[in-house]
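Colleague: Which chain is which? The protein sequence lines are W and Z, in order.
Residue numbering for the first sequence follows this note's numbering, beginning at 28 and increasing consecutively.
Residue numbering for the second sequence follows this note's numbering, beginning at 148 and increasing consecutively.
Derived from the structure by calculation, the hints contain no laboratory data.
It is possible that part of the hints are untrue.
[Said to hold, decoys possible] The calculated lysine-lysine pairs, modelled on BS3-like cross-linking and capped at a C-alpha distance of 30 Å, are: (1) Z:Lys238 to Z:Lys442; (2) Z:Lys495 to W:Lys112; (3) Z:Lys365 to W:Lys112; (4) Z:Lys507 to Z:Lys495; (5) Z:Lys348 to Z:Lys289; (6) W:Lys185 to Z:Lys647; (7) W:Lys112 to Z:Lys348.
[What the hints assert, rightly or not] Partial list, computed: chain W residues near chain Z (C-beta under 10 Å): (8) Pro58; (9) Gln91; (10) Tyr92; (11) Ser107; (12) Lys112; (13) Gly195; (14) Pro197; (15) Ser200; (16) Gly289.
Values in this document were obtained by computation on a predicted structure and should not be read as measured data.
Built from N, CA and C at the ideal position, the CB exists for glycine as well.
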Amino acid sequence: MLRYLMNRIVGLIAVMFIVATIVFVIIRVTPGDPAAVMLGPEASQQDIAALRTQLGLDRPLPLQYVTWLGQLARGDLGQSIFLNKPVLSALADRAEPTFWLTLMSLLIATAIAVPVGILSAIKRGTVLDQSVLSFSMFTSSVPSFWLGLLLMQVFAVKLGWLPVSGYGGPDASIGTRLSHLILPAVVLGVVNSALITRFIRASMLDVLRDDYVRTARAKGLTETRVILKHAVRNALIPILTVIGLTTALLISGAVVTETVFGLPGVGSLVVSAVLRRDYPVIQGALLVIAAIYVLINLFIDLMYMVVDPRVRY
Amino acid sequence: MNVRTPRLGGGLKGVLATTALAIGLTMLSTPTLAATPTKGGTISVATIGEPPTLDPMSSTADLVGILTQHMFETLYTFDAKWNVTPLLAEKLPEISADGLTYTIPLRTGITFHDGARMDAADVVASLKRWTETASRGKQAAKLITNIDASGDNAVRIVLKQPYAPLTALLAMNNSAAVVMPKGKLASPLTEFVGTGPYQLKARVPDQYIQLTRFEGYKSRDGEPDGYGGARKQYLDEIRFVPVTNANTRIESAVAGQYDYVDSLPVESRDKVRAGRSELVMLEPFGWPRMVLNTKQGLMADVKIRQAVQLALNEEDMLFAAFGNKDFYTLNGDLYPKGYPWATQLGAKVYNKGDAAGAKKLLDEAKVANPTIRILTSQQYEFHYKMALVAAEYLKVAGFKVDMQVVDWATLTQRRQDPALWDVFITHSPFLPEPALIDFPSKDAPGWWDTPRRNQTLDAFNQARTPDERVKLWKDVQQAVYDEVPFIKVGDFNAQAARAKTLEGVTPAPWPYFWNAYKTK
């Protein structure tokens, strides 16, 4: 087990290095100048050049790269050009809305997907099953921004039940902040429920065909007990995988949904950083996101051991 | 009220006042006085994004000016008729007979947000920082010999040559000559301490910027007068909230979530009208233009530039960009009617769409490869739409067009390099003083630098009387039409929305809220 963990940590470092290099190269070769963006449209070339020097952007790229790697080795993600604060601090500021949005979206997605997926598998071939399949196809196809704008129109604009955008002012209560997250969470939850539903259905169908399920029924167990105690438990591994990946996706920032609803989360931070060419934030944020993906994958792999005693590392 | 007729003094004053009255306004919302202003309340203002800085000297971005003008003040500002009017200065400067020395008396009893009293030393230090940090300051610095205190309550600026736009530069609210405490002038700025009616309480980037009433503020006496006059501070707090997505701003305005929503696309007018906010229209707001690269490439040839000017149909470009004649006006003059800078010279070269004439000029230029690289961005959708229409008219005239649509960050980088583009599209609000526009600077992309340009602009900037400046402006404008460093497309209007409970907001290119108040 320890050896397994050590191997995974070494793998994490390798992934981080590759991501750091790729991100650095891509954003540096992308046209656009953070100094010009910061100084505004009427800044002179001299002013822009001076700011580039001040920010160290005029140094040779290999030197900037080595400096960046050195900072990373010390756990320093650098300083945001635009926000003039450490990248870690900028990410920490965005963590709260992203955390709550992820949690709420995941709850909605699993609350939809688990019962619906299980029911669809049990009632395979019926009208219910076909409806579920059609609905999940629709929700996986619909653009999240369209769904977001639609929900915004109905619940925020027409009915006025929920706010249109933002995350509440400085004196907003937890309740107010959560109310700002309801619509985006519903959007993300519904859109992401599609994939989880399909995975649950497929996984359950596989398990329901197995001999031990037939045996359990033959022993006279109730259908509920057969499904919940035996079938679901054995169908969990692929379900955990897709939920884990969905979580990682949500944590990394639901870019479009955050933009539509004006949420100051990690996704909108990355988008803003790209538009502003805030290199340290882009690099730092993508590195953190990559690390989250790897760690969540590790967590899921470890959860397999809990779910399936046969799995040992 | 947004009548833009800068005071010029002398005999023109009466003419302009009449003109201003005759113009009238077609704004859909004017500051009403139906309710008695009461103190109190907090407003939320939705803006187009997060400002890159809160240092008003270091950026020319309008968003920076909109925010920081509540916290910082300049020596001068602009009144409702766009005349320069004193703000931190006691009165307009005393100018020596040779036009080289400006003595600016200061108001007394002004307190900074940190409690310190403002004095001449603070003003001198701030102006020096302005000349070193701000692009407008650097522009002025080339002509400034010295800045020093003239006693405890006055400052003196000595010039190398007469420079009429100086007070206008000192009045502008971006790249602004704001006054800060002399001990808090670090670059970059770490403390944001000004004399303005509101002070910074908190800034959470991409979430809000929170300003609270500064109780130690000393307003000018009298009544509000545009950006000048009294600043009443009714509101307890102003929160600026970045809402970058235009559709989200529209829906926010319809839902009435914010007290003020800036920069709404004009096509949302009917939808906003039907919602819970009042429409605010600023007519006219500004002018889009196609800037031509006179330094390098195809556009370095004046005949080619004249051909482009002749080929374009600005009416179609404006219609494509704004879709409704309520939102634009065909006008080839650099300033609209009502400004002393308005002339009738533009009609001769404007909106011709003369493909045959343009082709003749192009043929005379004997160009091997008539490919025009047009640099534009969908960051401003109307830029992009104008570019599309322009491209078609240019093709009919015999040009080839290479349309380069990039994001704004790429555009701002590329336009600094004359090797990379021939035409780019930009826009600006109507600025009360022509020297505030970017084109008079040789460093501005376009790099217009010819003997005629230098002669006409120098004469204009060194003119000693307002009448003389108005006369000389015609020469500058004619030089623009003849040498074509840029092509004005027209005048356009801007749209915003305010809550029905928010009063006292004057439509302005850089919205301000110090006289605003909430009603029940």
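Colleague: Against this structure, judge whether each hint is valid.
Modeller: Quick rundown of the hints versus the structure:
The straight-line distance between the Cα atoms of Z:Lys238 and Z:Lys442 is roughly 42 Å, outside the 30 Å bound, and the hint therefore fails. At roughly 54 Å between alpha-carbon atoms, Z:Lys495 and W:Lys112 are farther apart than 30 Å, so this suggested pair is violated. Between the alpha carbons of Z:Lys365 and W:Lys112 the distance comes to roughly 34 Å, so the proposed pair goes past 30 Å and is violated. For the hint pairing Z:Lys507 with Z:Lys495, the CA-to-CA distance comes to about 18 Å; that is within 30 Å, so the pair holds.
Of the pairs offered as hints, the one joining Z:Lys348 and Z:Lys289 is violated, with about 37 Å between alpha carbons and a cut-off of 30 Å exceeded. Between W:Lys185 and Z:Lys647 the alpha-carbon distance is near 17 Å, which keeps this suggested pair within the 30 Å criterion. Of the supplied pair hints, the one linking W:Lys112 and Z:Lys348 holds, its CA atoms being roughly 18 Å apart against a limit of 30 Å. Checking W:Pro58 against chain Z: minimum C-beta separation of about 4 Å stays under 10 Å; hint holds.
The interface hint given for W:Gln91 is violated, since its Cβ lies 17 Å from the closest Cβ of chain Z, which is over the 10 Å cut-off. Given the 10 Å rule on beta carbons, the hint for W:Tyr92 is violated: about 20 Å separates it from the nearest Cβ of chain Z. Using the Cβ-Cβ criterion of 10 Å, the hint placing W:Ser107 at the interface with chain Z is satisfied: the shortest such distance is roughly 9 Å. Checking W:Lys112 against chain Z: minimum C-beta separation of about 8 Å stays under 10 Å; hint holds.
A hinted interface residue such as W:Gly195 counts as satisfied when its beta carbon comes closer than 10 Å to some beta carbon of chain Z; here the least separation is about 9 Å, so the hint holds. Restraint check, W:Pro197 versus chain Z: the minimum CB separation of about 5 Å is within 10 Å; hint holds. Because the closest C-beta pair between W:Ser200 and chain Z is about 15 Å apart, greater than 10 Å, the hint is violated. Given the 10 Å rule on beta carbons, the hint for W:Gly289 holds: about 5 Å separates it from the nearest Cβ of chain Z.
Violated hints, listed in ascending order, are 1, 2, 3, 5, 9, 10, 15; each of the other numbered hints is respected by the structure.
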